[in-house]
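**Q** These protein sequence lines are chains A and B, in that order.
Sequential numbering from 0 applies to the first sequence in numbering that gives the first Met the number 0.
Sequential numbering from 0 applies to the second sequence in numbering that gives the first Met the number 0.
None of these hints come from the bench; they were simulated from the model.
Glycine included, each C-beta is placed from N, C-alpha and C at the ideal position.
Honestly, I wouldn't trust all of these hints.
To be verified - A short list of chain B residues far from chain A (calculated; beta carbon distances all over 12 Å):
| no. | residue |
| --- | --- |
| 1 | R25 |
| 2 | L137 |
| 3 | A181 |
| 4 | A218 |
| 5 | T238 |
| 6 | G377 |
| 7 | G379 |
| 8 | G393 |
Claimed, not checked - One-sided excerpt, in silico: chain A residues whose CB lies under 7 Å from chain B:
| no. | residue |
| --- | --- |
| 9 | F386 |
| 10 | G388 |
| 11 | P393 |
| 12 | L399 |
| 13 | V400 |
| 14 | W403 |
| 15 | Q404 |
| 16 | L408 |
| 17 | A412 |
| 18 | A414 |
| 19 | V417 |
| 20 | L418 |
| 21 | P473 |
| 22 | L477 |
| 23 | P482 |
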Amino acid sequence: MSLLPWTIYLSIAGALASLAAGRRSATAARWVALATAVAAWGVVLAAAAGFSPSAVPQTLVDLDWIPSMGGRYHLAADGISMTLLVLTGLAATAGILFSWNIGERTGEFFAFYLTLIAGVYGVFLSADALLFFVFYELAIVPKYFLIAIWGSTNREYGAMKLALYSFAGSALVLAGLLWAYAAGGAHSFALPDLAAAAAGFPAGRQVAMFALVFFGFAVLAGLFPFHTWAPTGHVAAPTGASMLLAGVVMKLGAYGCLRVAMPLFPAGLAFWQPAIGWLAVAGILYAGLVALVQDDCKFVIGYSSVSHMGFVMLGLAAANPRAVAGAVLQMFSHGVIAGLLFAVVGRMVYDRTHTRRLEDLRLLPLYRLLPFGATVFAVAGLASMGFPGFSGFPAELSILVGAWQASPLWAAAAALGVLIAAAFTLRVVQLTFFGGAGDGETTVRSAALPPITWPERAGGILLICAAVVIGLKPDLLLNWIVPSLQSPLFRAVIKGGGP
Amino acid sequence: MTACPVLSIAVFAPWAGALLLALMPRVTASASRTIALVSSLSTLLAGFAALSLFDPRAAGYQLVERHAWVSSLDAHYYLGADGLSLILVLLTGIVAPAGLLASWKQAREFRLFGILFLVLQGCALGVFLALDFFHWFLFWELSLIPAFFLIKLWGGAGASRAAYQFVIYTLAGSAFLLLGFAALFVATGSLDFVELSRLAANGGLSARLAAVGGFWPKAVFLGVFLGLAVKVPLFPFHTWLPPAYAEAPAGVSMFLTGVMSKMGVYGFLRILWPIFPAQMHAAATPLLWLALGGVVFGALAALRQSDLKRMIAYSSINHVSYCLLALFAVSAGPFKTAAVASSALGGAILQMFNHGLSASALFLCVGVLESRGGGRRGIGDFGGARSAAPVFAGLCGIAMFSSIGLPGLNGFVGEFLIFRGVFGVAPWAAATACLGVLVTALFYLTFWQRVFHGPRAGASAGPFPDIAGADLAALGSLVALMFLFGIAPQLLVGLFNPLVTGWVGGLAPP
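Here chain B stands alone, though its shape is the one from the complex (with noise of 0.2 Å):
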């Protein structure tokens, strides 16, 4: 316990000022962009604060807030952070306030904006910061209402179809968790992640839910597991997010590839893997494959599209899919050495952060291209368009190789090290992914040559001013934070290096 509830003033700062946004119905626009912002910031600060207090060298929770909540299901209001989260909370503070100033001029009836994104934003921090079943799941669900509104009220013209596909996609993966959790709690008593990873660890779950009937076990994973693979998405659960991002204004884009997508991994990472080690060290391999899948299948799914906002939808997909190759590879293991678990799980963690940053400011290139396009976003549409705008062409092109993983840049430590992990466990799934890292480059450079090079043309040809004001602001922050985390990726990593370890040292020998 803390005196300050730190982690409970993150969460709620930002419902905080979607309340005080509901309560002024008559805000000009321009205050409530200020008041949207500031509480969108808050998170940043929120965070600073969390990591002054926070030990990195201490192993398990800190910052733990623990309230009795509902007594019948034994559920509590529990928030705790360790490295993993508060990563992923800071990503939060960049992503969501760039979305918003992405969304400055674009977005028309700010206010109402404003109040859905500041939820939106508010239940992430949830999700990546609860540690009880109930509230947890509380946050992952309502995510889902603010995310669909944005989509179809700001989004473009096959909004309602992508936010109503999105939302019954992920609600259908939700009943199946809903209801492996039920079980958990049938089995064990239990909603507590904690408490159930220590049961996992010693043998008792799974002893428990076999007692139910054998199959129960690997039922149980099989539920869990579809409610997170449909929201990271993992292949072949993806069909709804290329329309979903593609439809969504690209402020939302940013936040749902930056900050949404990490929910799902979050959910691998902190739920399934330390819930049901055996049940993922036994469906390892075809988990490998759906994994490389993605990584292989968005890549060149990337390459056919002539849409951009749909070329980074499916890019991200492969990208995100690096994660769960570095998670599903440490547990088919043998691993030789620790290193190479750690290399491949600390891999995973970076490459959140670093997707989370790169994708949305590609995200919000795109909206650029779009707004000074006049709705138009394919690759056709686009030509010359360096010339008229340099320092918008260099950003965006920082962005991508960040994106493609460039050293230097910060999507390469994390690249590097997933390949790393991976290549000591399943030397042949790392071979087969670097097939995605060269499809990657070639989209990403078809993408630059024909929008930036050439003659001026198309979208490009008339009057094309170049990026500015807070558009500006967030692109040239989110490229700072490319820089900076490329040269110093130690930044993060001292973060949860001890996280890591201790998973590792939790690990079966080898």
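Okay, chain A solo, but in the shape it has when bound (with noise of 0.2 Å):
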């Protein structure tokens, strides 16, 4: 447990050896950056096989930082942390797998890579605001780099948008975070302190405050009508960054959501609940629509992000126990399976087909051509349409029952968005890989793909047992969650009945 913070470090050091490895040979840089993903995630297993649930997260170092401005180098985790932990190791893990055939400046590729990684566990293991907000910023950097360097389609153009609407976002934030703690005058950035100094505010500033923090975070999660950085960025990316980007980043927004916007001001959750719903609902249906009609499949995976972001919002926004949780859960499934998606179409795709767009894809039998890539897309297709069986399931029928209590028509629009997730995931599978199914004549064009290589084998292996372990047990992570929104902090904003 008190070992966490080594997930950090290790992230560092790992991304200055890489550096230095990456000087002799790529293949150096490849096995440093592996090592260094797993045994971060290693740290995160053994801290989670010793973890007791507790309400109050738990303390891991607690140092002053900035004296003159009270900010502290506090870091805590509980059971949302913990999950989202596991998350960012099993990502990194996968994505490093996925990114073995990066052959440019893999040395940086990988530096790059992992300082993004120690900037989202700094996130997920801050307690001071201050902090948060460092770590936080430690991750969208890197992003811009990995994108513009090693990107695809569009790249600059990507790469440019991502950053300045991350940049956008985190000036909200920031500008919220300072005025509440300049107002609060409690010289902490400390979230207990700014908290019990936010309950003093007049409720108007609270609302003001809340919609500067909120919504800044939810640029990076992807809420509509903040999301058109997302798909843009996404096909951008290399595989690897994609994996990363819709996997964790997409997640530091949702969570500093949860975890700074809305315990500090309830009342300003209150006034902008029903707003958060509605956009939320928005964005589950639209890009469910936007992703209905794409050629390019890794839109298509663009958008579903989107629209599955759009549950955790939803989650959120409905701030009881249930839906709250099975937002958390959600964050870690979707986490899961849109890395697995990208692996698909970006690396096993479209680094041996050279096209993503699904007119030509659907002209090649690739299910006999790619049998292992069908059958992870097969299945990753599946968790994201939210099947039973996998990790996706509890946490949409988690957010689903929640978001009933709060407004049985935002549930109802999600059950529709269910529905076209489905669609869109289907005809995207189909035309994917079973298009061109018994059409024998470009099946000799085709023959002479590259076989699927051994780290696709595993990192997709790795993401399927994961979603499926969660899928059928999910009381792994709800054990932890559950537990964590009885914290003081939420006490305020997240009400209704237990789950």
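Please assemble the complex out of the two chains, which come individually in their own frames, going by the hints.
**A** In structure tokens:
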């Protein structure tokens, strides 16, 4: 448990090491990166094994950092953090496996990659708002370089758009936090202190502060209509970066909403709750419909991420224990599943066929040429559709149940979203892999696709196992998440019957 | 709790077979056939084992297995059997191996075919035995996947479209179903069918839903109803069915019609009716009309088909609608005597079983014709096949008569009981439904005459070998069972009679 901060330090050390190793050989850089990610994940899993869930985050480190501002280097973990730490380790490891074929400036790629991971671990562990923000920025910056240097379609545009949106969002967050800090006068960025100070604000001020912080974070969570960076960014990014972007970076936004915005300004949440709920529902439906008509299969996955993150935001908006627990579970689930989908489309298909257009892919009998890819994609598609037996199902069911308690109309609209998700997922699975079934002529032309490599196999199996294990036994995570929602900070915002 | 989890074994044995096949990538085709068939037959074995432990006179669920699963949703791993589920387990144990036998030579890449088929079989068993929504829905939804791939990859020219349509339709229904149960959970805190039925019986369920809003009891009922109605399918939600059944390979069509359509009917009997008795009673008249629509239009549409597979598909809609007709008539009430209600319900259960036997046998027959005719299966593509293949013609004829409901064969008893029951409640409905029987006889006799009689013509003009091997084994056993259950229906009736008596006893007194 007390070793958890080492996830951050290990990742930074690994970033430097792979940069150094990359000067000698690409292979060395890859292995250094993989070893780092596995080691950090190992630390998380070891901590998870001995983790006993509690309402209050368990402090790991608490040091003076910027005494003049009252900023502390305070790391702590509760069940929600643990869930997302496990996800981060998993996504990082799988992402490296699917980036194994990066041949250009390999050392630098993994250096940026691991820096991003360090930032993500930091965010999930921070108990101090200022520290939280610093790690948050640390995670955003490497993203830009990963896309701009190693990206594909329209990479400069995608990278720039993503960076601008992210920075605009962070500017809002920073403004809101500084305002709360200055107005409260508590000389501390610790979340309980800020919350205590904010409790004394007039409701109007809380409403404004909440809007700044929540919507600032919501940009990165892909809340409609602030989501437009997500599809272009996901598409432009190299596979490993898409996996991280959809898998963990979008979760940073949602986590910020849950951990910072909601507990600090309960009155703000009460005011904005209907708007957030309807925006989440709009995102679920709109992104789903857009995904239904895309021709680039990576855009389908990109929009599906927006749609699925809509469920997370809906769970947060419903603000009752079951919905929020479902939202956290959905963060985990989507992290795994989106990673898997991007891995298949970006690495297994695009790197071999050099096309992502469904019009082209439907002519290839890819399920014969890449049976492993077809199986993984079909399974990931099911998981993405929220099929029972996969992690998305308990998550979406909890959110539906919780949303129903808040507003039956939200639940009804979200159920429609589940249906649309099924439609576009089936379409993309069908056209990508099973289009050319029985079509003999094209088989010859494309028979020479390189076989699936071991890192792809390992990464695919790892992620599928995670989706199935959590799908069949969601209690593994829910038993961590649910007690955390009893924390005093959440008491004012998360109301209603216990799960 | 029983010492031996016989129901879990029944559900997971086909999956174990699928796993075994999956782990043997280099297995020969004939070995994969043997493994698939043996795993598929395990259901019959497990069904008999369950029967030997089952006490038909006792009320309630037996051989129950219940373990905590998801604490925050109060979901359980919950299996249990009563007469209805056991009959359907046995039906699965009969139809699934027959379907595999019918695919013996036709299906290329038999290993993959067998894996998907066995997964599908396990899903159906899970649906028939699970008593907790979370558990049940897992199997309900999962069953779509193997079915989708079986239709798509082994089906005919239009299979991709048919498979997609089938899955989208069913998923649309499932979304409503899921939403309905989410609402039920919010209102009651339970996903347990037994618990929900108990709550419904004492009126607590509607009251709790009504507390959310006046129209919610109806809305939730409608959601669950839609999910099940698409699966059955109830007219007018049936449009996915004819292309799916027609494009699927014969062995898969057998399973779809024999077992999967029963999943929907089972849902009506196990879920919708017990949990929403008042709502069903209120909606009974329109529902009766829908069921009648299925009976009449299914039959008339079958009459108009020239594609034999589509003909059997439409006749399936007709036959399955009888089961729902009976259920809706009982929920409409009032019935004069308890015997009327129990004959309708008993008839519905028998009809589920019997339709499983006869429709799957008929799909097998059309599959044989299709393979002999080089893919052609139009009613005008054959002629005089009886002289070339007398055994086949005879068995096919028996299957037809069983489907028409000739006394002495299995189909008669179920339909007779249904008519008797429905007549006691809604004579007009029974009278109209008789029209369906008449038309059924008409199109089957047309089928029989055009294909088997007259001079040899069309696809049956050339060499037309008689039925043999795996096909004969499958069709022969199905026909033998038609005689068995036609002559001795009490073998089945004894299993579910106490159950039906209990149901009728729980109904509001006339």
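**Q** Compare the structure with each hint and give your call.
**A** Status of each hint after checking the structure:
1. R25: 14 Å, holds
2. L137: Not fine: 4 Å to the nearest Cβ puts B/L137 too close to chain A.
3. A181: 4 Å, violated
4. A218: 8 Å, violated
5. T238: 17 Å, holds
6. G377: 22 Å, holds
7. G379: 27 Å, holds
8. G393: 36 Å, holds
9. F386: Cβ of A/F386 sits 5 Å from chain B, so the hint holds.
10. G388: 5 Å, holds
11. P393: At 6 Å from the nearest chain B Cβ, A/P393 passes the 7 Å test, so the hint holds.
12. L399: Where the cut-off is 7 Å and the nearest Cβ of chain B is about 4 Å from A/L399, the hint holds.
13. V400: 5 Å, holds
14. W403: With a minimum Cβ separation of about 5 Å from chain B (threshold 7 Å), the hint on A/W403 holds.
15. Q404: With Cβ-Cβ at 5 Å, under 7 Å, it holds.
16. L408: 11 Å, violated
17. A412: Result: violated, 10 Å to nearest chain B Cβ.
18. A414: 4 Å, holds
19. V417: Where the cut-off is 7 Å and the nearest Cβ of chain B is about 5 Å from A/V417, the hint holds.
20. L418: 4 Å, holds
21. P473: It holds, given that the least Cβ distance between A/P473 and chain B is near 5 Å, below 7 Å.
22. L477: A/L477 check passes; min Cβ-Cβ to chain B is 5 Å, inside 7 Å.
23. P482: Cβ of A/P482 sits 11 Å from chain B, so the hint is violated.
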